[in-house]
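Using the numbering used here, read the sequence shown as starting at 1 and increasing by one per residue.
Treat the hints with caution; some may be incorrect.
[To be verified] Each computed DMTMM-like pair below joins lysine to aspartate or glutamate, with the alpha-carbon atoms no more than 25 Å apart:
id	residue 1	residue 2
1	LYS75	ASP90
2	LYS75	ASP141
3	LYS153	ASP114
4	LYS119	GLU157
5	LYS93	GLU52
6	LYS119	ASP149
7	LYS153	ASP90
8	LYS25	ASP134
9	LYS119	ASP78
10	LYS75	GLU97
11	LYS93	ASP149
Please keep in mind that the hints were generated in silico from the structure rather than gathered at the bench.
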Amino acid sequence: MTLTRSMLTADSTAEAIDTIREILKLDHVTLHILTNPTTGLDNPFVRTTYPEGWVSRYLLNNMAVADPVLQRAQKGDDAFFWSDLVLDGDQQKTMEEFVQAGLGTVGYSLVHVDSHGRKSVLSISRVRSEGWADHVARHVDGLTQAHMDLHVKALAEAAADAMGVPQLAPREYECLRFTAQGKTYSEIAIILNLSEHTVRSYLKLARVKLNCVSLAQAVAKAVRYRMI
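Build out the structure end to end from the sequences listed, making use of the hints.
Structure follows, in C-alpha coordinates:
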(Lines of atoms letter the chains of each structure in order from A and count residues from 1; the text may use other names and numbers.)
(Lines give C-alpha, C1' and ligand atoms only; values in the text may rest on other atoms or scores of the structure.)
Protein backbone atom coordinates (compact mmCIF):
# COMPACT_ATOMS: atom_id res chain seq x y z
CA MET A 1 0.00 0.00 0.00
CA THR A 2 1.37 3.45 -0.94
CA LEU A 3 1.89 6.20 1.60
CA THR A 4 -0.81 8.28 -0.06
CA ARG A 5 -3.39 5.49 0.18
CA SER A 6 -2.41 4.79 3.77
CA MET A 7 -3.06 8.44 4.63
CA LEU A 8 -6.58 8.48 3.18
CA THR A 9 -8.16 7.40 6.45
CA ALA A 10 -6.34 10.08 8.47
CA ASP A 11 -8.73 12.71 9.83
CA SER A 12 -6.00 15.29 10.38
CA THR A 13 -2.48 16.27 9.41
CA ALA A 14 -1.30 15.02 12.80
CA GLU A 15 -2.73 11.56 12.14
CA ALA A 16 -1.28 11.54 8.63
CA ILE A 17 2.28 12.28 9.72
CA ASP A 18 1.99 9.66 12.45
CA THR A 19 1.00 7.17 9.74
CA ILE A 20 4.13 8.09 7.76
CA ARG A 21 6.28 7.58 10.83
CA GLU A 22 4.86 4.13 11.49
CA ILE A 23 5.04 2.89 7.89
CA LEU A 24 8.58 4.15 7.22
CA LYS A 25 9.82 3.24 10.72
CA LEU A 26 11.03 6.75 11.47
CA ASP A 27 11.64 8.40 14.81
CA HIS A 28 9.91 11.65 13.91
CA VAL A 29 8.05 13.47 11.14
CA THR A 30 7.31 17.20 10.98
CA LEU A 31 5.34 19.34 8.54
CA HIS A 32 5.77 23.12 8.50
CA ILE A 33 3.51 25.36 6.45
CA LEU A 34 5.39 28.62 6.12
CA THR A 35 2.24 30.69 5.97
CA ASN A 36 3.79 33.96 4.93
CA PRO A 37 6.58 33.28 2.42
CA THR A 38 7.28 36.98 1.92
CA THR A 39 8.34 37.52 5.54
CA GLY A 40 10.33 34.39 6.27
CA LEU A 41 9.50 32.43 9.39
CA ASP A 42 6.44 34.42 10.42
CA ASN A 43 3.94 32.27 12.28
CA PRO A 44 4.62 28.81 10.85
CA PHE A 45 1.82 26.22 11.01
CA VAL A 46 3.42 23.05 12.34
CA ARG A 47 2.39 19.46 12.99
CA THR A 48 4.99 17.14 14.46
CA THR A 49 5.54 13.87 16.29
CA TYR A 50 8.17 15.45 18.56
CA PRO A 51 7.40 15.31 22.32
CA GLU A 52 5.09 18.03 23.63
CA GLY A 53 7.73 19.35 26.02
CA TRP A 54 10.18 19.90 23.19
CA VAL A 55 7.55 21.56 20.96
CA SER A 56 6.63 24.00 23.75
CA ARG A 57 10.28 24.83 24.38
CA TYR A 58 10.95 25.27 20.64
CA LEU A 59 8.02 27.63 20.16
CA LEU A 60 8.41 29.62 23.36
CA ASN A 61 12.10 30.27 22.69
CA ASN A 62 11.47 31.08 19.01
CA MET A 63 14.04 28.48 17.99
CA ALA A 64 12.78 28.56 14.40
CA VAL A 65 14.99 31.59 13.72
CA ALA A 66 18.09 29.44 14.33
CA ASP A 67 16.70 26.17 12.95
CA PRO A 68 19.08 25.26 10.09
CA VAL A 69 16.48 23.02 8.44
CA LEU A 70 13.89 25.79 8.14
CA GLN A 71 16.53 28.34 7.18
CA ARG A 72 17.71 26.11 4.33
CA ALA A 73 14.13 25.45 3.21
CA GLN A 74 13.45 29.19 3.07
CA LYS A 75 16.34 29.71 0.69
CA GLY A 76 15.49 27.04 -1.88
CA ASP A 77 13.03 24.48 -3.19
CA ASP A 78 15.25 21.39 -3.39
CA ALA A 79 15.13 18.45 -0.98
CA PHE A 80 18.20 17.99 1.20
CA PHE A 81 19.87 15.74 3.75
CA TRP A 82 20.52 17.40 7.08
CA SER A 83 24.09 16.10 6.92
CA ASP A 84 24.68 18.49 3.99
CA LEU A 85 23.80 21.58 6.03
CA VAL A 86 26.54 24.10 6.74
CA LEU A 87 25.85 25.46 10.22
CA ASP A 88 26.70 28.79 11.79
CA GLY A 89 27.16 29.17 15.55
CA ASP A 90 23.49 29.61 16.49
CA GLN A 91 22.40 26.78 14.20
CA GLN A 92 25.03 24.48 15.68
CA LYS A 93 23.67 25.28 19.14
CA THR A 94 20.14 24.43 17.98
CA MET A 95 21.24 21.04 16.67
CA GLU A 96 23.14 20.37 19.90
CA GLU A 97 19.92 21.06 21.82
CA PHE A 98 18.17 18.50 19.60
CA VAL A 99 20.79 15.93 20.59
CA GLN A 100 20.57 16.83 24.28
CA ALA A 101 16.80 16.34 24.10
CA GLY A 102 17.33 12.82 22.73
CA LEU A 103 16.06 13.73 19.26
CA GLY A 104 17.69 12.54 16.07
CA THR A 105 19.66 14.85 13.81
CA VAL A 106 19.85 12.31 10.98
CA GLY A 107 17.24 13.79 8.69
CA TYR A 108 15.92 14.57 5.24
CA SER A 109 13.61 17.42 4.24
CA LEU A 110 11.41 17.92 1.19
CA VAL A 111 10.23 21.37 0.11
CA HIS A 112 6.99 22.02 -1.78
CA VAL A 113 5.75 25.31 -3.22
CA ASP A 114 2.23 25.47 -4.62
CA SER A 115 0.93 27.66 -7.43
CA HIS A 116 0.10 30.43 -4.94
CA GLY A 117 3.63 30.57 -3.58
CA ARG A 118 2.80 28.89 -0.28
CA LYS A 119 5.69 26.77 0.89
CA SER A 120 5.76 23.72 3.15
CA VAL A 121 8.58 21.58 4.50
CA LEU A 122 8.20 17.87 5.28
CA SER A 123 11.04 16.58 7.45
CA ILE A 124 11.74 13.01 8.48
CA SER A 125 14.38 12.00 10.98
CA ARG A 126 15.81 9.33 13.21
CA VAL A 127 18.68 8.85 15.63
CA ARG A 128 20.54 6.04 13.82
CA SER A 129 22.50 6.93 10.69
CA GLU A 130 23.06 3.39 9.38
CA GLY A 131 21.50 2.91 5.94
CA TRP A 132 19.79 6.29 6.05
CA ALA A 133 20.57 7.40 2.48
CA ASP A 134 19.36 4.08 1.06
CA HIS A 135 16.20 4.21 3.18
CA VAL A 136 15.38 7.70 1.89
CA ALA A 137 16.12 6.70 -1.71
CA ARG A 138 13.67 3.79 -1.50
CA HIS A 139 10.83 5.98 -0.29
CA VAL A 140 11.49 9.43 -1.73
CA ASP A 141 8.94 9.13 -4.56
CA GLY A 142 6.19 8.14 -2.15
CA LEU A 143 7.21 10.87 0.27
CA THR A 144 7.09 13.48 -2.48
CA GLN A 145 3.49 12.58 -3.36
CA ALA A 146 2.51 12.29 0.30
CA HIS A 147 3.99 15.73 0.92
CA MET A 148 1.78 17.33 -1.73
CA ASP A 149 -1.29 15.72 -0.16
CA LEU A 150 -0.21 16.82 3.32
CA HIS A 151 0.31 20.36 2.04
CA VAL A 152 -3.32 20.57 0.91
CA LYS A 153 -4.64 18.99 4.11
CA ALA A 154 -2.59 21.31 6.31
CA LEU A 155 -3.67 24.42 4.40
CA ALA A 156 -7.30 23.42 4.96
CA GLU A 157 -6.64 23.05 8.69
CA ALA A 158 -4.84 26.40 8.81
CA ALA A 159 -7.76 28.08 7.04
CA ALA A 160 -10.23 26.56 9.49
CA ASP A 161 -8.08 27.74 12.40
CA ALA A 162 -8.02 31.27 11.04
CA MET A 163 -11.81 31.56 11.08
CA GLY A 164 -11.68 32.87 14.61
CA VAL A 165 -9.52 33.08 17.71
CA PRO A 166 -11.21 31.33 20.66
CA GLN A 167 -11.46 33.01 24.05
CA LEU A 168 -9.88 31.19 26.98
CA ALA A 169 -10.90 31.64 30.59
CA PRO A 170 -8.16 33.17 32.80
CA ARG A 171 -7.27 29.86 34.47
CA GLU A 172 -7.22 28.05 31.11
CA TYR A 173 -4.87 30.72 29.78
CA GLU A 174 -2.60 30.52 32.84
CA CYS A 175 -2.37 26.73 32.71
CA LEU A 176 -1.59 26.79 28.99
CA ARG A 177 1.02 29.51 29.45
CA PHE A 178 2.83 27.52 32.15
CA THR A 179 2.62 24.40 29.98
CA ALA A 180 4.36 26.33 27.21
CA GLN A 181 7.11 27.11 29.70
CA GLY A 182 7.65 23.40 30.27
CA LYS A 183 5.93 23.14 33.65
CA THR A 184 4.39 19.80 34.64
CA TYR A 185 0.82 19.35 35.87
CA SER A 186 2.03 19.14 39.48
CA GLU A 187 4.23 22.23 39.14
CA ILE A 188 1.36 24.25 37.67
CA ALA A 189 -0.90 23.05 40.48
CA ILE A 190 1.57 24.33 43.09
CA ILE A 191 2.06 27.68 41.33
CA LEU A 192 -1.68 28.33 40.97
CA ASN A 193 -2.69 26.67 44.24
CA LEU A 194 -4.93 24.19 42.44
CA SER A 195 -5.25 20.42 42.46
CA GLU A 196 -3.48 18.52 39.70
CA HIS A 197 -6.86 17.19 38.57
CA THR A 198 -8.15 20.75 38.19
CA VAL A 199 -5.08 21.74 36.16
CA ARG A 200 -5.67 18.81 33.83
CA SER A 201 -9.31 19.85 33.45
CA TYR A 202 -8.39 23.45 32.57
CA LEU A 203 -5.84 22.27 30.02
CA LYS A 204 -8.34 19.88 28.47
CA LEU A 205 -10.85 22.73 28.14
CA ALA A 206 -8.19 24.95 26.55
CA ARG A 207 -7.23 22.19 24.13
CA VAL A 208 -10.86 21.60 23.13
CA LYS A 209 -11.55 25.32 22.69
CA LEU A 210 -8.49 25.58 20.46
CA ASN A 211 -9.72 22.55 18.50
CA CYS A 212 -6.50 20.61 19.03
CA VAL A 213 -5.86 16.92 19.60
CA SER A 214 -2.81 17.43 21.81
CA LEU A 215 -1.40 20.00 24.20
CA ALA A 216 1.56 20.54 21.89
CA GLN A 217 -0.83 21.59 19.12
CA ALA A 218 -2.72 23.82 21.56
CA VAL A 219 0.50 25.56 22.59
CA ALA A 220 1.52 25.94 18.94
CA LYS A 221 -1.82 27.52 18.04
CA ALA A 222 -1.76 29.82 21.07
CA VAL A 223 1.73 31.00 20.11
CA ARG A 224 0.67 31.46 16.49
CA TYR A 225 -2.23 33.67 17.59
CA ARG A 226 0.04 35.42 20.11
CA MET A 227 -2.27 34.37 22.93
CA ILE A 228 0.74 33.35 25.05
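Each hint tested on the structure:
Proximity of LYS75 to ASP90 is assessed by CA-CA distance (about 17 Å); at most 25 Å being required, the pair is judged to hold. About 22 Å separates the Cα atoms of LYS75 and ASP141, which keeps this hinted pair within 25 Å; it holds. With a C-alpha separation of about 13 Å, the suggested pair LYS153 and ASP114 falls inside the 25 Å cut-off, and the hint holds. About 15 Å separates the Cα atoms of LYS119 and GLU157, which keeps this hinted pair within 25 Å; it holds.
Between LYS93 and GLU52 the alpha-carbon distance is near 20 Å, which keeps this suggested pair within the 25 Å criterion. Our distance criterion of 25 Å between C-alpha atoms is met by LYS119 and ASP149, whose separation comes to about 13 Å. For the hint pairing LYS153 with ASP90, the CA-to-CA distance comes to about 33 Å; that exceeds 25 Å, so the pair is violated. Proximity of LYS25 to ASP134 is assessed by CA-CA distance (about 14 Å); at most 25 Å being required, the pair is judged to hold.
Pair hint LYS119 plus ASP78 holds up; C-alpha atoms about 12 Å apart against a cutoff of 25 Å. Between LYS75 and GLU97 the alpha-carbon distance is near 23 Å, which keeps this suggested pair within the 25 Å criterion. Between the alpha carbons of LYS93 and ASP149 the distance comes to roughly 33 Å, so the proposed pair goes past 25 Å and is violated.
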